[in-house]
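J.: Letter by letter, the chains look like this.
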Amino acid sequence: MALKLSELAERFGGEVHGDPDTTVSKVATLAAADSDSLGFLANPLYAPQLGATAAGIVVLNADAVDDCPCAALVVKDPYLTYALIASELYPDPELQSGVHPSAVIDPQATVADSCQVGPGVVIEAGVQVGDAVVLGANCVLSRGVSIGAHSRLHPNVVLYDDVMLGERCVLHSGVVIGARGFGIAKQADASWINVPQIGSVTLGNDVEIGANSCIDRGAIEDTVLEDGVKLDNLIQIGHNVHIGAHTALAGQSGVAGSTKIGANCLIGGRATINGHIEICDHVAVTGAAGITHSITKPGIYSGGIVPMDDAVSHRKNSVRFKQLDKMARTLKKLERAVFKDEG
Amino acid sequence: MALKLSELAERFGGEVHGDPDTTVSKVATLAAADSDSLGFLANPLYAPQLGATAAGIVVLNADAVDDCPCAALVVKDPYLTYALIASELYPDPELQSGVHPSAVIDPQATVADSCQVGPGVVIEAGVQVGDAVVLGANCVLSRGVSIGAHSRLHPNVVLYDDVMLGERCVLHSGVVIGARGFGIAKQADASWINVPQIGSVTLGNDVEIGANSCIDRGAIEDTVLEDGVKLDNLIQIGHNVHIGAHTALAGQSGVAGSTKIGANCLIGGRATINGHIEICDHVAVTGAAGITHSITKPGIYSGGIVPMDDAVSHRKNSVRFKQLDKMARTLKKLERAVFKDEG
Amino acid sequence: MALKLSELAERFGGEVHGDPDTTVSKVATLAAADSDSLGFLANPLYAPQLGATAAGIVVLNADAVDDCPCAALVVKDPYLTYALIASELYPDPELQSGVHPSAVIDPQATVADSCQVGPGVVIEAGVQVGDAVVLGANCVLSRGVSIGAHSRLHPNVVLYDDVMLGERCVLHSGVVIGARGFGIAKQADASWINVPQIGSVTLGNDVEIGANSCIDRGAIEDTVLEDGVKLDNLIQIGHNVHIGAHTALAGQSGVAGSTKIGANCLIGGRATINGHIEICDHVAVTGAAGITHSITKPGIYSGGIVPMDDAVSHRKNSVRFKQLDKMARTLKKLERAVFKDEG
Chain P
22 MALKLSELAE
32 RFGGEVHGDP
42 DTTVSKVATL
52 AAADSDSLGF
62 LANPLYAPQL
72 GATAAGIVVL
82 NADAVDDCPC
92 AALVVKDPYL
102 TYALIASELY
112 PDPELQSGVH
122 PSAVIDPQAT
132 VADSCQVGPG
142 VVIEAGVQVG
152 DAVVLGANCV
162 LSRGVSIGAH
172 SRLHPNVVLY
182 DDVMLGERCV
192 LHSGVVIGAR
202 GFGIAKQADA
212 SWINVPQIGS
222 VTLGNDVEIG
232 ANSCIDRGAI
242 EDTVLEDGVK
252 LDNLIQIGHN
262 VHIGAHTALA
272 GQSGVAGSTK
282 IGANCLIGGR
292 ATINGHIEIC
302 DHVAVTGAAG
312 ITHSITKPGI
322 YSGGIVPMDD
332 AVSHRKNSVR
342 FKQLDKMART
352 LKKLERAVFK
362 DEG
Chain U
22 MALKLSELAE
32 RFGGEVHGDP
42 DTTVSKVATL
52 AAADSDSLGF
62 LANPLYAPQL
72 GATAAGIVVL
82 NADAVDDCPC
92 AALVVKDPYL
102 TYALIASELY
112 PDPELQSGVH
122 PSAVIDPQAT
132 VADSCQVGPG
142 VVIEAGVQVG
152 DAVVLGANCV
162 LSRGVSIGAH
172 SRLHPNVVLY
182 DDVMLGERCV
192 LHSGVVIGAR
202 GFGIAKQADA
212 SWINVPQIGS
222 VTLGNDVEIG
232 ANSCIDRGAI
242 EDTVLEDGVK
252 LDNLIQIGHN
262 VHIGAHTALA
272 GQSGVAGSTK
282 IGANCLIGGR
292 ATINGHIEIC
302 DHVAVTGAAG
312 ITHSITKPGI
322 YSGGIVPMDD
332 AVSHRKNSVR
342 FKQLDKMART
352 LKKLERAVFK
362 DEG
Chain G
22 MALKLSELAE
32 RFGGEVHGDP
42 DTTVSKVATL
52 AAADSDSLGF
62 LANPLYAPQL
72 GATAAGIVVL
82 NADAVDDCPC
92 AALVVKDPYL
102 TYALIASELY
112 PDPELQSGVH
122 PSAVIDPQAT
132 VADSCQVGPG
142 VVIEAGVQVG
152 DAVVLGANCV
162 LSRGVSIGAH
172 SRLHPNVVLY
182 DDVMLGERCV
192 LHSGVVIGAR
202 GFGIAKQADA
212 SWINVPQIGS
222 VTLGNDVEIG
232 ANSCIDRGAI
242 EDTVLEDGVK
252 LDNLIQIGHN
262 VHIGAHTALA
272 GQSGVAGSTK
282 IGANCLIGGR
292 ATINGHIEIC
302 DHVAVTGAAG
312 ITHSITKPGI
322 YSGGIVPMDD
332 AVSHRKNSVR
342 FKQLDKMART
352 LKKLERAVFK
362 DEG
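Top to bottom, those sequences are chains P, U and G. If you want our numbering, it's the position in the first sequence, counting the first as 1, plus 21. If you want our numbering, it's the position in the second sequence, counting the first as 1, plus 21. If you want our numbering, it's the position in the third sequence, counting the first as 1, plus 21.
Derived from the structure by calculation, the hints contain no laboratory data. Each hint should be verified, as a subset may be incorrect.
If several chains are the same, the list does not tell them apart, and a pair holds so long as it fits within one copy or across any two.
Derived DSSO-like pairs: lysine-lysine, alpha-carbon spacing no greater than 30 angstroms straight-line [stated by the list, open to error]:
#, residue 1, residue 2
1, K337, K354
2, K47, K25
3, K318, K347
4, K347, K97
5, K25, K281
6, K207, K25
7, K318, K47
8, K343, K25
9, K47, K361
10, K97, K361
11, K207, K318
12, K281, K318
13, K353, K47
14, K281, K337
15, K337, K47
16, K361, K25
17, K343, K361
18, K207, K347
19, K347, K337
20, K318, K97
The model shown is predicted, which means the values in this text are computed figures rather than measured ones.
Make the full structure from the sequences, and use the hints.
T.: Below you can see the structure in the form of structure tokens.
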């Protein structure tokens, strides 16, 4: 497929810079592009590559256009516009309806004819699978699971009993949804008893979950991810968590049980979010931060980690961290002694 | 099933508050309960919901009973009592003995007739599976694995060679037990050679492992989790680790190789525990803490993370962290100068 | 198999201490060894066990030989020499060529006759599998995947489209390679659109990936792990990351997108490495460190975490961390006031 610059401007907005008849049929990095490639400049880190690019068309914003040696589409949000164009050039593969003969489908399950069911898939009783759903090889859908139309499960996903997915959800390989929450109670003899986890997990529409991430079922009510929530890989979502629409969590972050995160939040990679707290809408949490308390005002929050350093300096400063309270007291004493007359 | 308050008091202990003939048949949160529901109050965070609950019976402790608008079972440990009652109302599903025709069982494996073996399960030579074990779809039991009676493996669990499970163990989906420990030795040409990991993994009775958690096999002797150990999701247990009975680890925590953790410890979520250290019995580690040295006294330990803050303040304070040793020296100098006469 | 000390010295180098005819046929820890066992002493932590060992032969360095009560092989790097000898005593299991009848292989895939293909394996069109590759049960190789000779995939590994593995690679169970990178762009209505991830993942020769680790496909170009890279369990490698030869990452570490790590680096467990940075060759990062900026000089780097403490002290010092910038200003003021005349 070839796309012409003038068409792109028409369909996706933005201003044409250079020859409106320039066409591209693939995407590339600015550094590796040739004249048939679409490139983009969104992160200023890569601005130095613009001047020497051999791309056919670059998507960029107005600030950068003067440095662009080739045709360009000048837009406000180059990353978004690039995403929209690239999605045209690289459409999702079409599904191949049909059930592989090695799939095991309970007669009491309902699977739409338009679905693609891969080898080794297991579908238990009471499961409902909507139109045009793709179930990758070896996925397991336990009793009572429900999957909305046009969702796609990559191979080796496991959904426990009664998990509900909306439409157009994407679950990557190794995802486990609905395992029991970590609810255990200590008995007199020091052993633990499991607290029944009778809630399930409900995902809205357009939710995407990264590889090997886990979402636990609720203790009593469901764990809920609203429409458009995006999770990266290796994320842990504890029981009873509620995540608002269009909130995104980057890789290896974790949310402990019963916490409520608002809509349109951005949680950085490896962030740790305590249990039983509430985070309002429009909060950004920086990578690796530890969020220990509720957040009631939109904004950017950090904490958790201290800066990187060479190992020797870090060790020295770390020792002082353990003396910090003592240092603060000494400092107060000194202040009183030195400035007593100036108070 | 309906349970009457008077019976509950008899069977589980505690004092009856209100009408002893009150019955319930399900559980609910205090906020969502109706008159047929059992609720509980264990976490003081939820105390404000008690006054308006429409529950039939609430399990709570003596402090809260005056605020309870309905019948109650007054006990010392409401969470434990709730767990015991809820387990009656929501029993584990009964197993359906039998082997699915798509399971692949080596003739030299022994699987008790009472077991439930799901589709796509693979059982290699020398495996021994005890009575009434449930093997979920697509589980793989490699050579020489042994599983005690009444254990349950959810779908897509992999056990490497010779892994041994006690009785009543529960492994959630995606668990991998017995992969080789990360033992590598550097050669003269900078490449790595694998150090053979000839130990295996031994789990006691009543061990539960959360989804996608990994337990590596020992380098020489086994990695060991004693009776009643509970692991949440996405946890890493390195080779040669030994975890004492009834110790629980919350999600995404990790224990590096050759560390020994005592019995009855509680390890918070995302905690990082160094290798080659020893932690005594009855230690609690707070969430996200980094435990770098052995702990020889029972108690609560923290460290690792600094408090959350708005991003700007955190950045300012972080800069100072790198000056902390210098600050401490200046402070000492000042102290000497100002208080020299008072020494 | 029995190995004689004199032979070991000849084949692996090192000096014989004690009777050169001593033979061993297995390995053991110093504490548990008997006269038929090979032990080793590499970590000084275990030196106290040397004096009482009943081992037949101990591999150790010159410093320790005087304390050794039995025969010894005296070498410069006992861990490496032990690894080489142990690899002789415990060779990898031989592969059993053949395709299990339950495997599903697309007619347009090429699988060498010498391969071992386990039950439930799924191989899609265009896949190429080299000589003597072992594919464990339920592995899924998506369209266009290529696997070099003598590689081994443990059960339940998923490779997405076009992932390329070199020769002698080892992937442990639950590994997911080639899931889409976390590239999402916000639209005007606050919803996210996926940015197509058209790159794939390329692994060099001799790469090993630990259980349940994830390596995302590149946004445009491939994510690359060069020859001899070793990853432990539960590691996240973001899209477009490039890792140089023989670099090793310990468990639960994570590398955010577009970061370049050099060759021969050692990344500690639970380390977090920011996106879009560059780390030069020969860098060591301590466990749980947060690496936020590029590193241009070889060395050991730390940061991220503060030291462990009892919970009460940690809380006190943590409070002061939030006052650190203020403390530093006060300190400066005091310094000026007290030392003004000494400047």
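J.: Evaluate each hint against the coordinates.
T.: Hint by hint, here is what the structure shows:
1. In this assembly of identical chains, the alpha carbons of K337 and K354 lie at most 30 angstroms apart whether taken from the same copy (24 angstroms) or from different copies (18 angstroms).
2. Taking identical chains as interchangeable, the C-alpha atoms of K47 and K25 lie at most 30 angstroms apart only when both belong to the same chain, with a minimum of 12 angstroms there against 63 angstroms between chains.
3. Taking the shortest alpha-carbon separations for K318 and K347, only the inter-copy value of 23 angstroms comes in at or below 30 angstroms, while the best intra-copy value is 32 angstroms.
4. When the C-alpha separation of K347 and K97 is checked against a cutoff of 30 angstroms, the pair qualifies neither within a copy, at 52 angstroms, nor between copies, at 40 angstroms.
5. In the homo-oligomer, the alpha carbons of K25 and K281 never lie at most 30 angstroms apart, since the shortest distance is 46 angstroms inside one protomer and 34 angstroms across protomers.
6. Taking the closest pair of Cα atoms, K207 and K25 come within 30 angstroms of each other only across two copies (24 angstroms); inside a single copy the shortest separation is 67 angstroms, beyond that limit.
7. In this assembly of identical chains, K318 and K47 lie within 30 angstroms of each other by CA distance neither inside one copy nor across copies; the values are 43 angstroms within and 38 angstroms between.
8. Taking CA atoms no more than 30 angstroms apart as the test, K343 paired with K25 passes in neither setting, with 63 angstroms inside one copy and 53 angstroms between copies.
9. For a Cα distance limit of 30 angstroms, the shortest separation of K47 from K361 qualifies neither inside one copy, at 72 angstroms, nor across copies, at 67 angstroms.
10. Proximity of K97 and K361 under a CA criterion of 30 angstroms is satisfied in neither setting, with 57 angstroms inside one chain copy and 54 angstroms between copies.
11. Proximity of K207 to K318 under the C-alpha cut-off of 30 angstroms is restricted to the inter-copy arrangement: shortest distance 21 angstroms between copies versus 37 angstroms within a copy.
12. Taking identical chains as interchangeable, the C-alpha atoms of K281 and K318 lie at most 30 angstroms apart only when both belong to the same chain, with a minimum of 14 angstroms there against 36 angstroms between chains.
13. Proximity of K353 and K47 under a CA criterion of 30 angstroms is satisfied in neither setting, with 64 angstroms inside one chain copy and 58 angstroms between copies.
14. Only between protomers do K281 and K337 lie at most 30 angstroms apart by alpha-carbon distance; the minimum there is 28 angstroms, versus 38 angstroms within a single protomer.
15. With identical chains, the CA atoms of K337 and K47 are never at most 30 angstroms apart, being 52 angstroms at best within one copy and 44 angstroms at best between copies.
16. For a Cα distance limit of 30 angstroms, the shortest separation of K361 from K25 qualifies neither inside one copy, at 75 angstroms, nor across copies, at 71 angstroms.
17. For the homomeric pair K343 and K361, the shortest alpha-carbon distances inside one copy (29 angstroms) and between copies (25 angstroms) are both at most 30 angstroms.
18. Taking the shortest Cα distances, K207 and K347 never come within 30 angstroms of each other, neither inside one copy (38 angstroms) nor across copies (44 angstroms).
19. When the C-alpha separation of K347 and K337 is checked against a cutoff of 30 angstroms, the pair qualifies both within a copy, at 16 angstroms, and between copies, at 9 angstroms.
20. In this assembly of identical chains, the alpha carbons of K318 and K97 lie at most 30 angstroms apart only when taken from the same copy (28 angstroms versus 38 angstroms across copies).
In this structure, the earlier hints numbered 4, 5, 7, 8, 9, 10, 13, 15, 16, 18 are contradicted, and the remaining ones agree with it.
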